[in-house]
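Enquirer: Sequence:
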Amino acid sequence: MIAAYVAVEWFVYGVPHQIWALAGAAGILLGVQLLMFGVLSDLILTLHREQLDRIESFASGDD
Numbered sequence: 888m889i890a891a892y893v894a895v896e897w898f899v900y901g902v903p904h905q906i907w908a909l910a911g912a913a914g915i916l917l918g919v920q921l922l923m924f925g926v927l928s929d930l931i932l933t934l935h936r937e938q939l940d941r942i943e944s945f946a947s948g949d950d
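In terms of the working numbering, the sequence shown is residues 888 to 950.
Please keep in mind that the hints were generated in silico from the structure rather than gathered at the bench. Incorrect hints may appear among the rest.
[Said to hold, decoys possible] Here are the computed distance ranges between Cβ atoms for each label pair:
#1 L939 to V899: 53 to 61 Å
#2 V895 to I942: 53 to 61 Å
#3 F945 to A910: 46 to 54 Å
#4 L930 to M888: 25 to 33 Å
The C-beta atom is built at its ideal place from N, Cα and C for all residues, glycine as well.
Full structure from sequences and hints, please.
Expert: In structure tokens, the structure reads:
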């Protein structure tokens, strides 16, 4: 929201908001990082579960 507000103020009215622009950029970066950490954690969890399923099926002799 902050980034959109700053962009509108800058392009429409020509009003620079350096502090708000910095806060908006930091917020966008934080959001992207949180999204990527979520995707990576889901990937790791899925691979771990698949590996445990393979180990259990091998141990029980289901091959």
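Enquirer: Next step is simple, just say for each hint if it's right about the structure.
Expert: Going down the list of hints, with the structure as the test:
For the hinted restraint 53 to 61 Å between L939 and V899, the CB-CB distance of approximately 55 Å keeps it satisfied. Distance hint check: the CB atoms of V895 and I942 are about 55 Å apart, consistent with the given range 53 to 61 Å. In this structure the supplied range 46 to 54 Å holds for F945 paired with A910, their Cβ-Cβ distance being about 52 Å. Here the CB-CB span from L930 to M888 is close to 30 Å, well matched to the stated 25 to 33 Å.
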